[in-house]
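2 protein chains.
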Amino acid sequence: MEESTEGYRGSALHVLRKYGVKAGQMVEVVTTDELETRGLIVPRYEYADDAHIVLKLKSGYNIGLQVNSVKSMRPIQDSKQEEKIDSTTARGHSEDSSLRKKNLLLVSTGGTIASRVDYRTGAVYPALSASDLYLTVPELDHLAVIHPEVVFSIYSENMTPSDWSVLSSRIIELARSKNSDGVVVMMGTDTLAYTSAALSFSLMGFEIPVVVVGAQRSSDRPSSDAALNLRSAALFALESKRPGVYVAMHLIENDQSIAIHAGTRVRKNHTSRRDAFQSIDAPLVATVENASEIKWNENYELPKEDNHRSDRFRLRTKFDKNVALVKFHPGFDPSVLSHLVENGIRGIIIEGTGLGHVSDLTVGVIADLVKSGIFVGMTSQCIWGHVDLNVYDTGRDLIQAGAVPLENMFAETAFAKLSWVLGNFEETSELMLTNFLGEFSLRIPLSTR
Amino acid sequence: MEESTEGYRGSALHVLRKYGVKAGQMVEVVTTDELETRGLIVPRYEYADDAHIVLKLKSGYNIGLQVNSVKSMRPIQDSKQEEKIDSTTARGHSEDSSLRKKNLLLVSTGGTIASRVDYRTGAVYPALSASDLYLTVPELDHLAVIHPEVVFSIYSENMTPSDWSVLSSRIIELARSKNSDGVVVMMGTDTLAYTSAALSFSLMGFEIPVVVVGAQRSSDRPSSDAALNLRSAALFALESKRPGVYVAMHLIENDQSIAIHAGTRVRKNHTSRRDAFQSIDAPLVATVENASEIKWNENYELPKEDNHRSDRFRLRTKFDKNVALVKFHPGFDPSVLSHLVENGIRGIIIEGTGLGHVSDLTVGVIADLVKSGIFVGMTSQCIWGHVDLNVYDTGRDLIQAGAVPLENMFAETAFAKLSWVLGNFEETSELMLTNFLGEFSLRIPLSTR
Chain A
0 MEESTEGYRG SALHVLRKYG VKAGQMVEVV TTDELETRGL IVPRYEYADD AHIVLKLKSG
60 YNIGLQVNSV KSMRPIQDSK QEEKIDSTTA RGHSEDSSLR KKNLLLVSTG GTIASRVDYR
120 TGAVYPALSA SDLYLTVPEL DHLAVIHPEV VFSIYSENMT PSDWSVLSSR IIELARSKNS
180 DGVVVMMGTD TLAYTSAALS FSLMGFEIPV VVVGAQRSSD RPSSDAALNL RSAALFALES
240 KRPGVYVAMH LIENDQSIAI HAGTRVRKNH TSRRDAFQSI DAPLVATVEN ASEIKWNENY
300 ELPKEDNHRS DRFRLRTKFD KNVALVKFHP GFDPSVLSHL VENGIRGIII EGTGLGHVSD
360 LTVGVIADLV KSGIFVGMTS QCIWGHVDLN VYDTGRDLIQ AGAVPLENMF AETAFAKLSW
420 VLGNFEETSE LMLTNFLGEF SLRIPLSTR
Chain B
0 MEESTEGYRG SALHVLRKYG VKAGQMVEVV TTDELETRGL IVPRYEYADD AHIVLKLKSG
60 YNIGLQVNSV KSMRPIQDSK QEEKIDSTTA RGHSEDSSLR KKNLLLVSTG GTIASRVDYR
120 TGAVYPALSA SDLYLTVPEL DHLAVIHPEV VFSIYSENMT PSDWSVLSSR IIELARSKNS
180 DGVVVMMGTD TLAYTSAALS FSLMGFEIPV VVVGAQRSSD RPSSDAALNL RSAALFALES
240 KRPGVYVAMH LIENDQSIAI HAGTRVRKNH TSRRDAFQSI DAPLVATVEN ASEIKWNENY
300 ELPKEDNHRS DRFRLRTKFD KNVALVKFHP GFDPSVLSHL VENGIRGIII EGTGLGHVSD
360 LTVGVIADLV KSGIFVGMTS QCIWGHVDLN VYDTGRDLIQ AGAVPLENMF AETAFAKLSW
420 VLGNFEETSE LMLTNFLGEF SLRIPLSTR
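Heads up: the sequence lines are chains A and B, in that order. Going left to right, the first sequence walks through residues 0 to 448 as numbering that gives the first Met the number 0 numbers them. Going left to right, the second sequence walks through residues 0 to 448 as numbering that gives the first Met the number 0 numbers them.
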């Protein structure tokens, strides 16, 4: 831990030196506001102000201390801390024990959960190095030997299908080299559900669980969900013994139950709530209670493993970037579709209305595109429910035009799957309608309801 | 009612003539399947097969009788029926009564609710004339004098912002000429919520309630929601005494409660369920119980009427067709935005991720478009929750680029509003952020949650 005063400068650095403490240490603090507390000094990002020192409390909640309010600060012994730092530098340590400690690969791609906060502006900055990352997750100590890796340090809205390829390959490579028992992928929540769907396909057949996790509120907020989501994700990755790609996020607003969603069936349905993520037309896989107990959901059915086991589909990590997702709306200009194809797009997922419809004008353009070899898949902007192109004329016209109705895959999952299918295989329509992982469910015909 | 055998031909027409009955008449039927029932002979669409006669039962549910199964059929007296037919040809009738019967303007634009079913193929065809329409709604008899008008006969996915202008003007003109007490607009559910939002703005200041209604299952299905939705919509239009634009659809799957949604806060969230429509981040206005009682929701707050009452915003029925709605996704190609603008688009609603984000690449293109005078409004594909461009760099960059965060208006409502604002006024950003009708709600700052 060379960067002992990591990120601290000016007055803040002065105070740390005065009390002989450094980033990464446990300290006991008393302030002029009569606050007395213990916590871990968290490193700061490069451009942070010098008026605050950031402390991570036992709860996982971070607070910013004004440097001029610090009355006293003294380093305290933290046995776990010592052990933890030791374990990152020498993995052998844990293997000496009679009970082998498990290995958790902790991959960060950026986002709120892997961020530090600027207490002056309230802005959030990503952790930039493995040691940065490591110091932000003391709550994982007791669970396993942590192997932190920063694969990207980006906001998830900047993540692309090409990044999904890199991320998939790095996860496989790192997990193997670290002899990992489970993987936790930290990322921004904005495109988390797109990514979890993508990884579900590219990591099909991978031997260990991969849990994608984010936070809706950064760890400086009283309502932060970062610590509990992360601890629960790690527990599921290490203890569930169920390979596959999952998402771990708050089940409801309380700080007890974390939902474990199937990676292909989850969607971000609220901009800010901690329980923003919901499984769509699908049961939860499990919940993790109090970050310590996995409660399996009896209604969840394991995907059939026939497809997993086929080597042809195992660990195919390429994603084609030439895919687009287009939402239809009243008065939609279908020349958008032709424009995309002129720019190299090979497959388009359309969010139609209702059962998967578009205007007559749009059907005509789709027919031309399909003739020229472009894949066009229909989903619905309703989000819930199956598309069905057999009920109305518009649907039948779409079938005639060669559009492929994608059951109840919602647009985001269909988009990620299409990128994967086009990246690795030839038979696009057939594979889009092959149910690899329960990414769609059996349709109950409308006429029986 | 000249077209007495409307739509019937071949064997079906033969049977009707044999028993001396015609479309629009109440009959009592016995079949070889030992079915005995009473119902109204419903007209058929032009190209229907000749092997079925369609009967509307008292419940509103339609059945198709195989003509060769008809053992006997006799016309029966239906006093209401006589009165009803009379009332359409001579409105004076009801005004002679001491208790004036109310006038309901029933506007059809097409869709499942205003459709007939081909019992051979199961396909659904729209009612094409006012008398067609009239005969499909005997269930409205007792409520009012019905003035049926077919404004369009299209699937709602073909409805455009230009059609919204026509529809708005026709509603105003017809309601006034018929001295209407309320208006029911029947349409396809695919773009119903876009239309209800559009009408909410264009009919601001209109004196009577306008209720938009659709059906998720056509009236030939045991599970049809058509009759109950329609009766409840009519009741609310006639009895609520609350001007404004509303949507009436099933509250849950049972056949008792119909939800009355505010026209700007409702979204179709399921492809096929009867309770597909949900109010987003907003309470219901009311429910209608058993098509007979309005139960007001105490949590619903009436929109402030200051804006309604300003003549400047009253009954401005133009919609600009040069608007687009674009969904961002990982790897989104922002040249789509430039392409739209080259095609004449003046304003774009973007469905960003999370709090309203897009990739850095896209921010750059947005900055250029805004500089050239294009309006760009940010919403979120999460659907629920407020956008907030003050939390992350991406958001601040978007603000800097000139994108306008549209609170918690979801994309469909924002799109309809933008079309209306651009169609009638100059100050686009200011009016997009003016809360005319409760189309967005007050934001609770993230930092306090």
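Watch out, some of these pointers could steer you wrong.
Below, in silico cross-link-like pairs of lysine to aspartate or glutamate (DMTMM-like), each with a Cα-Cα straight-line distance of 20 Å or less [unchecked claim]:
(1) K320/B - D359/A
(2) K317/A - D332/A
(3) K240/A - D274/A
(4) K320/A - D359/B
(5) K320/B - D332/A
(6) K320/A - D332/B
(7) K370/B - D310/B
(8) K100/B - E148/B
Hint data in this document are derived by calculation from the structure and do not stem from the laboratory. These numbers come from a predicted model, not from an experiment.
Against the structure, the hints:
A C-alpha spacing of about 17 Å is found between K320/B and D359/A, which places the hinted pair at or below 20 Å, so the restraint holds. Only pairs whose Cα atoms come within 20 Å are accepted, and K317/A paired with D332/A is rejected, the gap being roughly 32 Å. A threshold of 20 Å between alpha carbons decides the hint, and for K240/A with D274/A the separation of about 25 Å lies outside it, so the pair is violated. For the suggested pair K320/A and D359/B, the alpha carbons sit about 17 Å apart, so the restraint of at most 20 Å is met.
Taking the CA atoms of K320/B and D332/A, the gap is about 10 Å. The hint holds against a cut of 20 Å. Simply put, K320/A and D332/B have alpha-carbon atoms about 10 Å apart, close enough for the 20 Å limit, and the pair holds. Between K370/B and D310/B, the direct Cα distance comes to roughly 32 Å. Violation of the 20 Å bound is thereby established for this hinted pair. Between the alpha carbons of K100/B and E148/B the distance comes to roughly 19 Å, so the proposed pair stays at or under 20 Å and holds.
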